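S.K.: Chains W and A supply the protein sequences, listed in that same order.
Using this note's numbering, the first residue of the first sequence is number 1, and each one after it goes up by one.
Using this note's numbering, the first residue of the second sequence is number 1001, and each one after it goes up by one.
These aren't lab readings, by the way, just hints derived from the structure by calculation.
For clarity, every value in this text was computed on a predicted model and none was experimentally measured.
Idealized CB from N, CA, C, for every residue including glycine.
Hints should not be assumed to be uniformly reliable.
[Unchecked claim] Okay, the calculated bits of chain A under chain W, using three or more residues with CB under 8 Å as the criterion: (1) 1042-1051; (2) 1105-1113.
[Claimed, not checked] One side of the interface only, derived from the structure: several residues of chain A facing chain W at Cβ under 8 Å: (3) L1083; (4) S1086; (5) E1102.
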Amino acid sequence: GQQLNQNPQSMFIQEGEDVSMNCTSSSIFNTWLWYKQDPGEGPVLLIALYKAGELTSNGRLTAQFGITRKDSFLNISASIPSDVGIYFCAQPPIQGAQKLVFGQGTRLTINP
Amino acid sequence: ETGVTQSPTHLIKTRGQQVTLRCSSQSGHNTVSWYQQALGQGPQFIFQYYREEENGRGNFPPRFSGLQFPNYSSELNVNALELDDSALYLCASSLVSRANTEAFFGQGTRLTVV
Chain W
1 GQQLNQNPQS MFIQEGEDVS MNCTSSSIFN TWLWYKQDPG EGPVLLIALY
51 KAGELTSNGR LTAQFGITRK DSFLNISASI PSDVGIYFCA QPPIQGAQKL
101 VFGQGTRLTI NP
Chain A
1001 ETGVTQSPTH LIKTRGQQVT LRCSSQSGHN TVSWYQQALG QGPQFIFQYY
1051 REEENGRGNF PPRFSGLQFP NYSSELNVNA LELDDSALYL CASSLVSRAN
1101 TEAFFGQGTR LTVV
């Protein structure tokens, strides 16, 4: 079945630093979704990508749909304490299908 | 805030018991999906409901069942609870007519089986 691998699994950074994480897929699909999950909460959609090469920003967050269509990248600039959480990439296994396959997550910890 | 609400927020059950979790979907959404998230893992798809019928199922046994009601709200039922069923259960609502998948999650129900 489809697998998503996220790297790194965890990150420990200083406040103000930039963050970069990525996700690779075992298959080619047409959608990448990036979610953030705070402790005790459900995942919140950050950015959706629908086309290879697409670069989309949401405030200090920028995500790119890789040209190979098998990877995606999420960058956070000038990190702040509220960026702490777990970041998940996700894909629908079939175009238009509603169920999502998630990566195992990247846990971000920020030292003030 | 996504507009997806789940109840209860926390629950403790004994092995062998049955549990029902509830979800109210976001206004305008007609599809509800349920996910199980074990500690330290990403959410795993359980099943999805559309027009009150199951519309896809993940690798979960039949003791996991669900319902969707005419107002698009949904229930997840788990029978014969096992210790490994302890997890965060997430409900996600979406609009099936959208060409691309954007699911919006509730805050989850934390189930502990002892």
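S.K.: For each hint, tell me whether it holds in the structure or not.
M.R.: Hints, verified against the model:
Counting residues of the region 1042-1051 of chain A whose beta-carbon sits less than 8 Å from any beta-carbon of chain W gives 6, enough to reach three: the coverage restraint holds. Here the region 1105-1113 of chain A counts 5 residues with a CB under 8 Å from a CB of chain W, which clears the bar of 3, and the coverage holds. Given hint, L1083/A at the interface with chain W, is violated; its Cβ is 21 Å from that chain's nearest Cβ, farther than 8 Å. The beta carbon of S1086/A is not positioned within 8 Å of any beta carbon in chain W (closest approach about 15 Å), and the interface hint is therefore violated.
Taken as an interface hint, E1102/A checks out: its beta carbon lies about 6 Å from the nearest beta carbon of chain W, inside 8 Å.
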